[in-house]
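Colleague: Numbering of the sequence shown is given in the numbering used here, commencing with residue 1168 and proceeding in unit increments.
Calculated from the structure, these hints are not laboratory results.
Among the hints, a few may not be true.
For each label pair, taking beta carbons as the anchor points, the in silico distance ranges come out as [unchecked claim]:
#1 A1632 <-> K1566: 22 to 28 Å
#2 R1326 <-> V1381: 41 to 47 Å
#3 A1377 <-> K1631: 47 to 53 Å
Straight line, CA to CA, 25 Å or less: simulated BS3-like cross-link-like pairs of lysine-lysine [unchecked claim]:
#4 K1631 <-> K1303
#5 K1214 <-> K1615
#6 K1615 <-> K1303
#7 K1328 <-> K1615
#8 K1631 <-> K1222
#9 K1303 <-> K1572
#10 K1329 <-> K1631
#11 K1631 <-> K1214
Keep in mind that this is a model prediction, so the values were computed, not measured.
Think of the CB as a built atom: it goes at the ideal place given N, C-alpha and C, for glycine as much as any other residue.
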Amino acid sequence: MAVITTVYNLLWGDLFFLPLPGGGSIGISLLVLLLIPAGVYFTIRTKVLPIRFFKEMLRISVERSPSDKKQGSAISGMQSLIVSTATRVGMGNIVGVVAAVSAGGAGAVFWMWITALIGASTAFVEAVLAQLYKEKDSLYGGYRGGPAHYIHRFFSRGRQKKHQLIAVLFALSGLLCWCGVSQVISNSVSSSFENAFGIPPIVSTVFLVALAAVIVLRKHATVKVLDVMVPVMAVFYFCVTLYVMFANAAQLPAVFTRIFEEAFGLRQVVAGGFGAALMNGVKRGLFSNEAGSGSAPCASAASEVSHPAKAGLFQAFGVLIDTVVICTCTAMIMLLAPQELIAGLSGMELLQTAMQHHFGYAGVVFIAVTLWLFCFSTFIGILYYARSNVAYLFGDSWKAQTIYKILALVMLFIGGLATYTFVWDLGDIGVGLMTVFNMIAIIPMGGKAIRCLEDYADLRRDEKAGR
1168 MAVITTVYNL
1178 LWGDLFFLPL
1188 PGGGSIGISL
1198 LVLLLIPAGV
1208 YFTIRTKVLP
1218 IRFFKEMLRI
1228 SVERSPSDKK
1238 QGSAISGMQS
1248 LIVSTATRVG
1258 MGNIVGVVAA
1268 VSAGGAGAVF
1278 WMWITALIGA
1288 STAFVEAVLA
1298 QLYKEKDSLY
1308 GGYRGGPAHY
1318 IHRFFSRGRQ
1328 KKHQLIAVLF
1338 ALSGLLCWCG
1348 VSQVISNSVS
1358 SSFENAFGIP
1368 PIVSTVFLVA
1378 LAAVIVLRKH
1388 ATVKVLDVMV
1398 PVMAVFYFCV
1408 TLYVMFANAA
1418 QLPAVFTRIF
1428 EEAFGLRQVV
1438 AGGFGAALMN
1448 GVKRGLFSNE
1458 AGSGSAPCAS
1468 AASEVSHPAK
1478 AGLFQAFGVL
1488 IDTVVICTCT
1498 AMIMLLAPQE
1508 LIAGLSGMEL
1518 LQTAMQHHFG
1528 YAGVVFIAVT
1538 LWLFCFSTFI
1548 GILYYARSNV
1558 AYLFGDSWKA
1568 QTIYKILALV
1578 MLFIGGLATY
1588 TFVWDLGDIG
1598 VGLMTVFNMI
1608 AIIPMGGKAI
1618 RCLEDYADLR
1628 RDEKAGR
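Hey, can you work out the whole structure from these sequences and the hints?
Modeller: Structure, rendered in structure tokens:
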């Protein structure tokens, strides 16, 4: 436990503090120190990709995907977006946003937006690298890949080696992380259902594990399930939020004013308010959109697209959907509730109280069901990611694939019944280590992704010119 705590604090704790004018300070963690400068760097190198290519992201999202008859089980670029969105649109969009607003105030929302705009470029780079270094998947059909594979290629330098240390460490960190996340998922689900419906944790957990087992233990069920589930739940959540916003339209100017004022500490008495808003928004934004952690590239590598840059644009778009759209939905539900009603509340109690104000008891039920859907899709998605890491470590082995799935299901069951275990901290350590190992590779390799983007931009210009 002492070792786990030490590593956790190294990754997520404050390494040092930057003083602010007028008092207060901002704590900087190792992950913030890695991800924010890298995001700014890639945003500059891509010439502000989220704005420059936003129309193109929309266009490729609705275009017809290439036929996958040739590759059999290869997924389309849009399906890779859906898989990655399934894991991004999860607990971070509900629990994470609630925590950010509770600790950092409304201003945290603004810094989550900024983090998404910066992180989109990082997501683009890692997704393109995954597409460039993907390989055939003899077990599931189609393709596989991700950070473990492009890290391996980077450190091999043309030499034939079965494994590279950093790539192995990344793969192990990913598997560790996703087992930890499995516990958090089931605990969130069992707690919300017990609060909303009085259902004992053992009942909701057994149902969740049984349903998950039916899907993840089948060869090709994962993407099919997410194809239906993710768009429906995301659109429905968005529509509910739109209703709340229209019903409270008169308050919207004041809410947005509050977001911007608190983002820069203008409403706070001391400068510490600015620090809280900034760091809570940044940290929760990074946790929610996963840009730079190396998770989403596992889906990008499996996709079949006409140009590698498209895989990157899909993932950059996914970051914007996750943080700018879905996280904002959760924030608006809270901020449009009367402040005297939610004053002093935090966590899920804050969100459930806000939803009860907007919709009565039906709002509490809605949040419980939404959290269940978001968490369930996250579990299905991370098991899809795990395929490539298991394959990198153990080769083309159905036995290894099945053992890891069963282990994740066991963690899912334990998490639903336990109030806390150290494996949760292991999950946070896992994603932190993934990010560190991934950043070691994508910063020096990023030039290949940038050149790929410019090549795609040239092709699009030629197409528009009719050449």
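Colleague: Hints first: check each against the structure and report whether it holds.
Modeller: Structure-based check of each hint:
Take A1632 and K1566: their Cβ atoms lie about 54 Å apart, and the range 22 to 28 Å is violated. A beta carbon spacing of about 43 Å between R1326 and V1381 agrees with the range 41 to 47 Å that was offered as a hint. Range check, A1377 to K1631: Cβ separation about 52 Å, and the 47 to 53 Å hint holds. Restraint check for K1631 and K1303: the C-alpha separation of about 33 Å exceeds 25 Å, so the hint is violated.
Pair hint K1214 plus K1615 holds up; C-alpha atoms about 15 Å apart against a cutoff of 25 Å. About 21 Å separates the Cα atoms of K1615 and K1303, which keeps this hinted pair within 25 Å; it holds. For a cut-off of 25 Å, the pair hint linking K1328 to K1615 stands: about 22 Å separates their Cα positions. Distance hint between K1631 and K1222 is fulfilled; the C-alpha atoms sit about 14 Å from each other, no more than 25 Å.
At roughly 21 Å between alpha-carbon atoms, K1303 and K1572 fall within 25 Å of each other, so this suggested pair holds. With a C-alpha separation of about 44 Å, the suggested pair K1329 and K1631 falls outside the 25 Å cut-off, and the hint is violated. Distance hint between K1631 and K1214 is fulfilled; the C-alpha atoms sit about 21 Å from each other, no more than 25 Å.
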